[in-house]
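**Student:** In case you want the letters, here they are:
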Amino acid sequence: MTFNLHIHALDPHKSTLQLEGRLDAMTFGEFDREAEKVLQQMATGSTLVLDLSSLEYISSAGLRSIAKARKHMRARDGHTLLLNPQLQVRKVFDIVKAVPIKEIFQNMQELDDYLDQIQRRMLGEGEEVE
Amino acid sequence: MLDLVFPASLHDVFDTLVRCDETLRMAGVRDDVRADVRLVLEELMVNMVQHGRTEQREGTVGLRLTVAEEAILLELNHDGEPFDPLQFGTPSLTGDLADKEELGGLGIHLVRAMASDLNYTHDEYGNHLQLRFACTHLTEHDHDL
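Chains as they are written, first to last, in the numbering used here: chain D, 101 to 230; chain F, 658 to 802.
It is worth saying that the hints were derived from the structure and are not from the lab. One or more of the hints may lead you astray.
If you want a taste of the chain F side facing chain D, the calculated C-beta under 8 Å gives, among others [what the hints assert, rightly or not]:
#, residue
1, L661
2, D672
3, D689
4, V690
5, L696
6, E759
Covered, in the sense of this in silico footprint (three residues per stretch, anywhere, with C-beta under 8 Å from a C-beta of chain F), are these stretches of chain D [to be verified]:
#, segment
7, 109-121
8, 206-216
Each residue gets a CB set at the ideal place from its N, CA and C atoms; glycine is no exception.
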């Protein structure tokens, strides 16, 4: 096993993809194919969580795949949040400034708090409109 | 010490990455240093496979890996088309890769960031890269000193 993608809680409004192993020039195609199936089902304004806690290693090929998924979500006014990147992955992200720091969370509690904030903000905006 | 010659194919590159990692692990090299070496080798050898092949054949890659005192030394030789990875400038990094239309040059940027020294030459035998990873605390045992 060098790479596995687990799809958790597939929901058009919020889905979680758990990446496991190595995302590199040999495995990125597998990620792209599986992620595409999920991305096609995501609704406008939805949230995609990439759980990186079991991702041991990433190279530039993997970085491009994650950027592609984030672009897709952005085109739908959605969010892509990254959960718990490990040391090697964090180091590579830092070197190429891959992702805004506000989109990376160390644990699920931080991420849930952030999503609650977004939801409250959206509800607030909705009330103002009414 | 590892001294290999293999076809410049993606499959052989990844077999070689496993062998290099195992050699470094047996030499007691720390996990984080091994990950850096793996990344640099992947980026450079995948470049050779993708950009260095001639019209007639995929070519051959030679790799020599030596664990010296406080450094890992690597030599890569490829008999393909001339390809100097150092000719590429630093990619513009905005703080978000999803901003970029074109995502080229990331691999070489990572190589430059992680290798202590990197040298490229080309002659009638092909492309030659020499790399050094300096590390004052190379092995896991150093933590006990």
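**Student:** Looking back at the hints listed earlier, which ones does the structure fail to meet?
**Tutor:** 1, 2, 4, 6, 7, 8
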